[in-house]
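Please work from the sequences and hints to get the whole structure.
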Amino acid sequence: MARVLPGTSVAACVARRAEERPGAAALVVGGEEVSYGRLWAAATSFSALLASKGVGRGDRVLLHARHSLPYVAAYLGATRLGAVAVPYEEGLPEASVRELAERVGAAAALSPSPVPGVAAWLSEDEAPAEPDAPWEGLPPEASELAELLLTTGTTGRSKVVELSHGAVMSVIENIVEATGIEDDNVSLVPMPLNHVFALRRLQTGLVMGATVVLLNGVASLKRVFGALSGNRVTSLSLVPSALAYIQRATKDYLGTFDGQIRFVESSSAPLPAATRQWLRTVLPSARLYNSYGCTESTACCMLEYSHRADDGACVGAPCATARIEIVDPRSGEPLAEGAGRIVIGGSAVMSGYWGDEEATAATLRDGRVFTNDLGYLRDGELYVRGRIDDVAIIGGHNVSPVEVEEAIGACPLVAECACVKGSDPITGDSLALFVVWGERKDDEALAAFMRERLEPFKVPSVVRTVDAIPRTYNGKVDRKPLVAALAGEGEVGA
Amino acid sequence: MKLEKLVADTLAIPVERVSDSLSIDDCDEWTSMRQVALISALESAYATEFDIMESIEMDSVGAIREVLEAKGVELDG
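Going line by line, the protein sequences match chains A and B.
Last residue of the first sequence: number 494 in this note's numbering, and the count goes up by one each step with no gaps.
Last residue of the second sequence: number 1077 in this note's numbering, and the count goes up by one each step with no gaps.
Calculated from the structure, these hints are not laboratory results.
Heads up, the beta-carbon is just placed ideally off N, CA and C, and yes, glycines get one too.
Certain hints may be false.
What the hints assert, rightly or not - The calculated lysine-lysine pairs, modelled on DSSO-like cross-linking and capped at a C-alpha distance of 27 Å, are: (1) A/K480 - A/K441; (2) A/K251 - B/K1071; (3) A/K251 - A/K441; (4) A/K222 - A/K251; (5) A/K480 - B/K1002; (6) A/K441 - B/K1005; (7) A/K222 - B/K1005; (8) B/K1002 - A/K222.
Claimed, not checked - Quick list of the computed label-pair ranges, beta carbon to beta carbon: (9) B/D1028 - A/R440: 45 to 53 Å; (10) A/R3 - B/L1075: 28 to 36 Å; (11) A/R308 - B/D1076: 49 to 57 Å; (12) B/M1001 - A/A274: 47 to 55 Å.
Next up, the structure:
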């Protein structure tokens, strides 16, 4: 039976949890526990402060997305009074913050320092004091905007995605139903909180009245494992590159927590077979999930791969509120079989792109998001083959660089790799492989591995050694610099 | 200065920035991939191997120094 969420917005749910169990732990930040009562008090203080500065319904509020109580409380406080939260990447340069503020017409900003052109500034160092005049007003409707989120922009300029309270809650419903998250769960969320993956996992924990441990990244394994043991963490939400790092740096040490960790969830990028197998081996008791979606409609499919044979392309069945269709990439007509453009419908999809009617019209039709992903449905489950734009046509064959990456990534010599489409004067399209070597560089051994594992037309014609694969802040391969390097327009740095 | 130079070279930062207080938390260049590279570089430079717990501990230059000293490694040879 589907679980009923206790409100129509994240803020409403947190208010309810604060009323029911004010002493229960909502967050752990910097090693310190923050109760639901304290979190909600901080949120209402932010509401009052924003209102006193003239911020109201529909106004955009920039939020510097740090793993902190002020960030979470400001998000709740802003959305509570019907304003629109605009989280932005931690450490974003000031010029980029100004540009974003101008782009969305921000009325307020929670930021390290005042943002030129933004009337109201909120210090991010601490939550405001309890107000003399608390804000009291009508909560937002499900159809009203809750958030503006930036896409990661791995291809082209980032877009600003409009998400309603209803869409946000639909995603949370999907996560709750698919993972079976318990209300005494303690989740570790070390990923960037301006990105939809981590933001929704934070919100899901709070909506369920569970505890969320906030940590800024996984680079410090001391803090990761300290949090796991010190806070008795029962779930992890990590992007594939973070999981791969933990695997590479600590081998099977994560297995120490088998029996404690109830589930691990990943998203944002394809999850390599080697990583899946490692998790199955070190955490045999845990439920293992990989979800598929995009900022425009996240967590629309979820796969539990704990006990099933591997097919890296499978991302599972559509979640509770999602509908998946496959259409012809050119005509947009439904395809009865075969691979085509993935179209996502349901109540979790975006409302549009802020300030970009052309992009909205191109992507959102009849409440459905026409993605740039190539995939197919089989036995009710979705299989993703990469981005349509990235697919190379070689010798008449459609070749997904992601599929080639996954195959080559299994080579023991390769620490990580990325494959992009290039051009060839004879074949038209070609494939180029960028490799970060593991213990040693061995071009011949890699070539032999590729010949053994891949059809001839899938073997990259160019192989380049790099120090690191460029990634976005949420771990997704950033193909733009790779494509540029291939075209001789730059170098891939370390 | 051998340790400082190794850290600086691996993190691609000026050696002047490297002190015992430099940590993974306050150095943007100290990413997870560079942490892996740093462990490997330290093992090679000091002809030693770190176990998992030692690797986990080493999230600052000071912590690295302590782990190496505990292993009886001569730091500035």
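Hints and how they fare:
At roughly 25 Å between alpha-carbon atoms, A/K480 and A/K441 fall within 27 Å of each other, so this suggested pair holds. At roughly 21 Å between alpha-carbon atoms, A/K251 and B/K1071 fall within 27 Å of each other, so this suggested pair holds. At most 27 Å may separate the alpha-carbon atoms for a hinted pair to count; A/K251 and A/K441 meet this at roughly 22 Å. Annotation: proposed proximity of A/K222 to A/K251 holds, straight-line Cα distance about 15 Å (limit 27 Å).
For a cut-off of 27 Å, the pair hint linking A/K480 to B/K1002 is broken: about 37 Å separates their Cα positions. For the given pair, A/K441 sits about 25 Å from B/K1005 by alpha-carbon distance, which is consistent with the 27 Å threshold. A threshold of 27 Å between alpha carbons decides the hint, and for A/K222 with B/K1005 the separation of about 23 Å falls inside it, so the pair holds. Taken as a hint, the B/K1002 and A/K222 pair is honoured in the structure, with Cα atoms around 24 Å apart against an allowance of 27 Å.
A hinted range of 45 to 53 Å is violated for the C-beta pair B/D1028 and A/R440, which are about 29 Å apart. The given range of 28 to 36 Å is broken by A/R3 and B/L1075, whose C-beta atoms sit roughly 57 Å from each other. A C-beta distance of roughly 53 Å is found between A/R308 and B/D1076, which places it inside the suggested range of 49 to 57 Å. For B/M1001 and A/A274, the Cβ-Cβ distance of about 39 Å falls outside the hinted range of 47 to 55 Å, so the restraint is violated.
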